[in-house]
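Peer 1: So you can see what is in the structure, the chains are spelled out below.
Protein chains: 10
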Amino acid sequence: MSLINTQVQPFKTTAFVNRDGGKGEFIEITEKNLHGKWSVLIFMPAAFTFNCPTEIEDAADNYAEFQKAGAEVYIVTTDTHFSHKVWHETSPAVGKARFPLVGDPTHQLTNAFGVHIPEEGLALRGTFVINPEGVIKTAEIHDNAIARDVKETVRKLKAAQFVANNPGQVCPAKWNEGAKTLAPSLDLVGKI
Amino acid sequence: MSLINTQVQPFKTTAFVNRDGGKGEFIEITEKNLHGKWSVLIFMPAAFTFNCPTEIEDAADNYAEFQKAGAEVYIVTTDTHFSHKVWHETSPAVGKARFPLVGDPTHQLTNAFGVHIPEEGLALRGTFVINPEGVIKTAEIHDNAIARDVKETVRKLKAAQFVANNPGQVCPAKWNEGAKTLAPSLDLVGKI
Amino acid sequence: MSLINTQVQPFKTTAFVNRDGGKGEFIEITEKNLHGKWSVLIFMPAAFTFNCPTEIEDAADNYAEFQKAGAEVYIVTTDTHFSHKVWHETSPAVGKARFPLVGDPTHQLTNAFGVHIPEEGLALRGTFVINPEGVIKTAEIHDNAIARDVKETVRKLKAAQFVANNPGQVCPAKWNEGAKTLAPSLDLVGKI
Amino acid sequence: MSLINTQVQPFKTTAFVNRDGGKGEFIEITEKNLHGKWSVLIFMPAAFTFNCPTEIEDAADNYAEFQKAGAEVYIVTTDTHFSHKVWHETSPAVGKARFPLVGDPTHQLTNAFGVHIPEEGLALRGTFVINPEGVIKTAEIHDNAIARDVKETVRKLKAAQFVANNPGQVCPAKWNEGAKTLAPSLDLVGKI
Amino acid sequence: MSLINTQVQPFKTTAFVNRDGGKGEFIEITEKNLHGKWSVLIFMPAAFTFNCPTEIEDAADNYAEFQKAGAEVYIVTTDTHFSHKVWHETSPAVGKARFPLVGDPTHQLTNAFGVHIPEEGLALRGTFVINPEGVIKTAEIHDNAIARDVKETVRKLKAAQFVANNPGQVCPAKWNEGAKTLAPSLDLVGKI
Amino acid sequence: MSLINTQVQPFKTTAFVNRDGGKGEFIEITEKNLHGKWSVLIFMPAAFTFNCPTEIEDAADNYAEFQKAGAEVYIVTTDTHFSHKVWHETSPAVGKARFPLVGDPTHQLTNAFGVHIPEEGLALRGTFVINPEGVIKTAEIHDNAIARDVKETVRKLKAAQFVANNPGQVCPAKWNEGAKTLAPSLDLVGKI
Amino acid sequence: MSLINTQVQPFKTTAFVNRDGGKGEFIEITEKNLHGKWSVLIFMPAAFTFNCPTEIEDAADNYAEFQKAGAEVYIVTTDTHFSHKVWHETSPAVGKARFPLVGDPTHQLTNAFGVHIPEEGLALRGTFVINPEGVIKTAEIHDNAIARDVKETVRKLKAAQFVANNPGQVCPAKWNEGAKTLAPSLDLVGKI
Amino acid sequence: MSLINTQVQPFKTTAFVNRDGGKGEFIEITEKNLHGKWSVLIFMPAAFTFNCPTEIEDAADNYAEFQKAGAEVYIVTTDTHFSHKVWHETSPAVGKARFPLVGDPTHQLTNAFGVHIPEEGLALRGTFVINPEGVIKTAEIHDNAIARDVKETVRKLKAAQFVANNPGQVCPAKWNEGAKTLAPSLDLVGKI
Amino acid sequence: MSLINTQVQPFKTTAFVNRDGGKGEFIEITEKNLHGKWSVLIFMPAAFTFNCPTEIEDAADNYAEFQKAGAEVYIVTTDTHFSHKVWHETSPAVGKARFPLVGDPTHQLTNAFGVHIPEEGLALRGTFVINPEGVIKTAEIHDNAIARDVKETVRKLKAAQFVANNPGQVCPAKWNEGAKTLAPSLDLVGKI
Amino acid sequence: MSLINTQVQPFKTTAFVNRDGGKGEFIEITEKNLHGKWSVLIFMPAAFTFNCPTEIEDAADNYAEFQKAGAEVYIVTTDTHFSHKVWHETSPAVGKARFPLVGDPTHQLTNAFGVHIPEEGLALRGTFVINPEGVIKTAEIHDNAIARDVKETVRKLKAAQFVANNPGQVCPAKWNEGAKTLAPSLDLVGKI
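Chains as they are written, first to last, in this note's numbering: chain A, 2 to 193; chain B, 2 to 193; chain C, 2 to 193; chain D, 2 to 193; chain E, 2 to 193; chain F, 2 to 193; chain G, 2 to 193; chain H, 2 to 193; chain I, 2 to 193; chain J, 2 to 193.
A portion of the hints provided could be inaccurate.
As the list claims (entries may be wrong) - Below, computed lysine-lysine pairings styled on BS3-like, alpha-carbon distance capped at 30 angstroms: (1) B:33 x A:152; (2) E:97 x F:38; (3) B:152 x A:181; (4) C:152 x D:97; (5) J:97 x I:38; (6) B:97 x A:97; (7) A:152 x B:152; (8) H:159 x G:97; (9) G:24 x E:192; (10) I:24 x G:192; (11) J:97 x I:152; (12) C:152 x D:38; (13) F:152 x E:175; (14) D:24 x F:181; (15) B:97 x A:192; (16) E:181 x F:152; (17) E:152 x F:38; (18) I:97 x J:181; (19) D:69 x C:152; (20) E:175 x F:38; (21) I:181 x J:13; (22) J:175 x I:38.
I should point out that these hints are in silico values taken from the structure, not numbers from a laboratory.
So here's chain A without its partners, still in its complex pose:
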């Protein structure tokens, strides 16, 4: 069964985050951190590899827009937070990140989101948009050779926020902020 519209399971782990270009800090992250605002979880296979820095950089380049939408971004790999700190210090791309780099060495998160690869101990490329009640609204998972486009994640986040804020309306195909939505009704049945 799909994870869509289910609650994020309880978890506890440690992240490295450098919000201001200083030396950063280690913070504890649990499912409680996902309550009260929108969250975007972005899983990727491993620190110090190839596509991953480009995806983090893409997220960093769009971080202002996520923030404007009131959403936090979390990068997750099965590495430790120690590796994440060093990665942040040594990679120019990763160094742009101002959001948490979450370590999942216990594989709690990768298993809970169904993106664990048992024979490698690493995550698939999975992106999840989660609402302020901790309920998963969209899921997107790729074979690791195929990277994502953060613009599309922004679009999904905004569509999810729009329908959350406008009960009785739905976002049609390729909807973008400001575009027309639909209000389902008996009259429309069979008419579109």
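The hints should help you fit chains B, C, D, E, F, G, H, I and J onto chain A, whose structure is shown.
Peer 2: Showing chains B, C, D, E, F, G, H, I and J alone in chain A's frame:
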């Protein structure tokens, strides 16, 4: 566990397809139809509803590009092929479709792809890119109020095809046809 | 074991009903709707097919008699209520119906009444007369190629009502309203 | 699950039959007797009771028509064949029967056809039309206070025979011998 | 294990009894009817057969003696009470019976007394003497081709009553009413 | 289920037998001894007690008749064959026995014939007539305070032998050697 | 695991005892009889056999010494108390016994003391010394061809009583009443 | 169930033996060592304790007689063979032993002979006489405070050897070498 | 899973200890003795063997240092405390020990610490440092042919005590009392 | 049970190794790599942390001695080989290592050697000496705050090699290369 990199399970059902604007036909569809070329399966909740026609229209508008990439598109709902024929005849949006509208009244496909909603008997909005060996390469699932953007599906399909055709290369973030790719090597470890 | 003299199991689904030739409405139907008056449940395979409209038309033509007998008629298929609305609008035969067309996409009802065909996801042609306590009094199930005769259902309903209202009497073979009944007694044993 | 389109289970029992108004005979009956011609099984509660003789008489009055249609009639109760012989000798109504009166004291048949009432050791009023391959095509079961109309059984038998003999056609509502049938086709979908 | 000295299990069924040569009546019989007086249960295979009437006649010829001993006689077959009424009316031998003819179509009694023949649905010839507390004191079961002698049942009943009324005494071999009994004691051990 | 018409289970034990008034001998007895001639097994509670010697004496007095009928008699208790030898030597009544006194200290036989009393380790008074194929034809079991009458056992043995030798005939109530028997036929059904 | 230092299990049976050369009596024996004084249980195979009388005689010859030590002797076989009475009357050796001869036809005791031979239904030669709390202190079991020496049982009983009465002392090898005992202490470790 | 007349289970361990007053040796002991001659196994709780040396000394004092009877003696404790060597060197009593002192630190032997005390890890005082086929013929087990008398073990060994060598004879109570034995026969039953 | 950072399981056994060169004493030891101070458990295979005395002597030579560190030393083998006393008296090396020699004949401790060799009934060479809360902090286990060096155990004990007393610091490689330690901090991550 | 003297379980993973100060390489490591020469596996918690580099440096400083002894050293953490490469490049201490740094992101090795901490996803500090047959000879596991001393590992390796090469000898306490060993013999038992 994720469906990514697993084989599509055997199934058998009936679809309505109108390839030429004539009166169309009913055809049997099984997992064997997915072998030998790329496939895109697009699940949606129900015929005669609201977002679904807009998504089918979006797919129809991009169908030429799918065809150029050698991929077939399949729309799937838990309705019968009888309903699909009538939908195609009565909806201006759906009537544009030249690809199969697959009926899944037995819920075989929605269960096999993990998009079934038991308490409604309907599918979630799920899109799957499948390679010519019948292996799932990308998955995307939304809450039903949030529609998809077919452009992003086209991008994923092309990235999946590129890495299939170019072993040893990976597609970085927001890659689009023609953009630069990466060739992982020891030297690049920790350097991006 | 037979369903005869057992209680209808709890269920919940949505029907389309057009009582007055207006645009109709969607209503929720549960086992509670069957309490307090006689009900006739008529299962059939699928909207937009062949025999089904003729059977609905036959029911519509006899609906006045059902109403006079204080009974409601329910048509049930495994389609959605969305399909039922469109069917009602587009089929001249189905459009005559002033009773609920019940959707059963979750297969709850077809399974509970033992008329589900698992390999098709559709219902057999089954008719059930149910008393105001929600107890099934007669059952009739056909292979789908063989349609029913609503006159016979009217006869069964009236016989069921007669014996309910006249304890100590039974309706003999081919009884019709107004015909003679039998009062079982020791004297009659072995004498008929 | 319904018995429709399932094979009759193996059984073995003894019947009394008086084909010519002579003294009759006891014959063994098994599922093999049902192969090669159409059969109508008519279950009823008990010898020497009230409605049952009227139903047997009704069957006897229509026996010529069953024979013309190449079908055999079997009356079944949980009594012994000894009781059936005496019943036939002493009841004017039952005495008209020229078809087998089948004893089922082991309850094999009543259980196999789902018409057994465990707390009484008797059968419900059940009628089954069975094709020459031993496959059940129609079923009809009543609370015991409500008798059947053999005319309707004749109609079902003939409809079942018609569609067996005319593949590709179906019998619409209230079809009777000679009436119009339907040939399902793509063109008719959504048009009736 | 033997049924001797065990309690009769609860049961409920219907009997036909004609105590006075009138038209008789149907009465409900349960294990409670066996409390408060001595009972003799006589199982036999089927109404309208061969040995059974001779055994009922034998019981009827000795009924005065049973009554003098304060015992009731019950004939039990797996037929219905309807068959029993007709049997009583049509058989000169059975017509002599002034004690209940008990129907056991549910097979409760034949199973509880271990005399059921599953492959026939009939009882073996079994006779049981039961005391006023509902406890079985003697059992006798024959292959159905071998009938019983009621005189021996009378002898057993009287011996059972004698030892019940005379604690500390036992009835020796071939004891008959009035014959000498034995009072077991230490002195007699090894001395007879 | 009854033991009637079942095969005697395998067993092995030791008996004391004194065929000629000499000092007797110990012999092994198994189920094989019961094949090839008719057998009568007579269980009783314990050596050196009260009714038991009278029953053995009764059997001894009738032994000539059993022998004439080609049948062997076996007395069985849960005592050892050692006790049986002493009993035979010290009891005037038991000393008349010229047939085996079978020891059953392992409780094999009392359990196999369903006459074991677990809380006493002793047998109930049970008599079984067994045919030359080792099949049990009649059973008779009493509370231990009530002794049997060997004359009735002789009657049963002869009836069992008669029907074995005259297939198609049955022995009616209180049949004794030379009396009339019945040949069941269709004509007799319901006529006796 | 050994029975040594375990509690005797509950049991109930009947014994024959002749304390004074009179005619004796039957008494009930349970595990409660073993409480409050020392007991010696002597199992043997069967009444009326060969070694058993010599062992009972040996016990009788030493009974005064058991009584002086405040201990009761119990002979146990799987025979009944009836056999025991006759054995006591007819055997000169057994007739000397003034202690209970316990019957165990239910095999409760032989099983509880682990001396049962299932394929014979008899006991092994087992002797058990039991203290006034019902706890087994010594056990001795022989193949049945090898009899015991009661003198050794007397020695064990007295040693068991000595250590019970003199906590902190133990009886060394071949200890007899009056001989030296040992008081274990740290000093003695490794010094004897 | 008793170990009497069962086969010794397979085992493997190490013993210390000093046959000639030299420095002794370590030898492997298995169940194979017990085949071909009579064996006496003497379990005791622990090296360096109190009663144990007195029992070993008692065995040593009688060793010539065991040897004359062709039997080997084995002392067993749960100590190691290392402890046994030291014990033999340091204890004047134990130093007399010319037979194996068997170590059982794995508890194989104490468990197999049912003399293990789980809460102490030590053996009870158990003596077993075993025949040359490895079958246990006598068993004797004491609470550890009560030592044995080796003379009685010698008596049992000789009785066991006598009946093994003289089939058809048994050793009566308190039999000693040279005393009269009994030959069981029909004539003796009930006569001793 | 490792025992590190788990609680010592409950146990109860007896040790020999000679604290002052007197005659020593037997004391009970349970897991409670390990609470309130640091403990070092040293398992070894068997008393009276080869490497074991050299290891006990090594521990004795370092005992002053253990005492200064407030730690108690426990030697454990599967021998009894009786053997331990004799060992202490007869071995010059073992005689130096002033700490408990713990007997484990029940194998409780060797099993609880995972050092039991089932096929020998002996312990592996295992050393465990346990803190005053009864939690195991270091473990070291060798094949029995390879002895340990107590100096390294002293080093581990002191390192364990240092980090217990100085939260926030860790002991780096080959740390010895007085050497530099490390205080983990964000700054040090990736810098050593 | 201890891992001592058990075979290393099959595994497969990737290591980073830089044997010559060049840029290094990624190599696959399985249990087969451990066959044919001695191995030392050194588990530690995580790359980029505090004690771990000091322990790797300690191993590097002693690597010449390991090589002289024909042994390979393997460092194992649950990090990826990607992290290990970066760690080697960025840490002066780790950069000294010329032996494999093994990644265990699947937790295969940490689980197989019993050093996994489930709630952290990291390894305990565990060191294992493994012989050329893949059998574990010594184990040493610490709480993570307590680092090891590689000198002691060298001592254990050499002792293990010595006893492997000199069957019949054992290494006594604190043995170092060249020191005296012991040859166990009967004479030495109880003499050291």
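Peer 1: With the threshold set at 30 angstroms, check whether the alpha-carbon distance from residue 97 of chain E to residue 38 of chain F stays at or below it.
Peer 2: violated, 40 angstroms
Peer 1: Are the Cα positions of residue 175 of chain J and residue 38 of chain I separated by 30 angstroms at most?
Peer 2: Holds, because 26 angstroms separates the two Cα atoms, which is no more than 30 angstroms.
Peer 1: Checking one constraint from the list: CA of residue 152 of chain C to CA of residue 38 of chain D, max 30 angstroms. Satisfied?
Peer 2: holds, 29 angstroms
Peer 1: Check whether the Cα positions of residue 97 of chain B and residue 192 of chain A lie no farther apart than 30 angstroms.
Peer 2: With a Cα-Cα distance of about 14 angstroms, the restraint between residue 97 of chain B and residue 192 of chain A holds, given a limit of 30 angstroms.
Peer 1: Are the Cα positions of residue 152 of chain C and residue 97 of chain D separated by 30 angstroms at most?
Peer 2: Roughly 28 angstroms between the alpha carbons, so the hint for residue 152 of chain C and residue 97 of chain D holds.
Peer 1: Given the hinted pair residue 97 of chain B and residue 97 of chain A, is their alpha-carbon gap at most 30 angstroms?
Peer 2: violated, 45 angstroms
Peer 1: Does residue 181 of chain J lie within 30 angstroms of residue 97 of chain I when you go C-alpha to C-alpha?
Peer 2: Holds, because 21 angstroms separates the two Cα atoms, which is no more than 30 angstroms.
Peer 1: Given the hint that residue 24 of chain I pairs with residue 192 of chain G, does the C-alpha gap stay at or below 30 angstroms?
Peer 2: Between residue 24 of chain I and residue 192 of chain G the Cα gap is close to 13 angstroms, so the pair holds against 30 angstroms.
Peer 1: Sort out whether residue 152 of chain B lies within 30 angstroms of residue 152 of chain A, counting only the CA atoms.
Peer 2: holds, 12 angstroms
Peer 1: Next pair to validate is residue 152 of chain F with residue 175 of chain E; report whether the Cα-Cα distance is within 30 angstroms.
Peer 2: holds, 8 angstroms
Peer 1: Taking only the CA atoms, is the gap from residue 97 of chain J to residue 38 of chain I under or equal to 30 angstroms?
Peer 2: violated, 40 angstroms
Peer 1: For a C-alpha distance cap of 30 angstroms, please report whether residue 97 of chain J and residue 152 of chain I respect it.
Peer 2: This hinted pair holds, its Cα atoms lying about 28 angstroms apart.
Taken one by one, the earlier hints fail for this structure at numbers 1, 2, 5, 6, 21, listed in ascending order.
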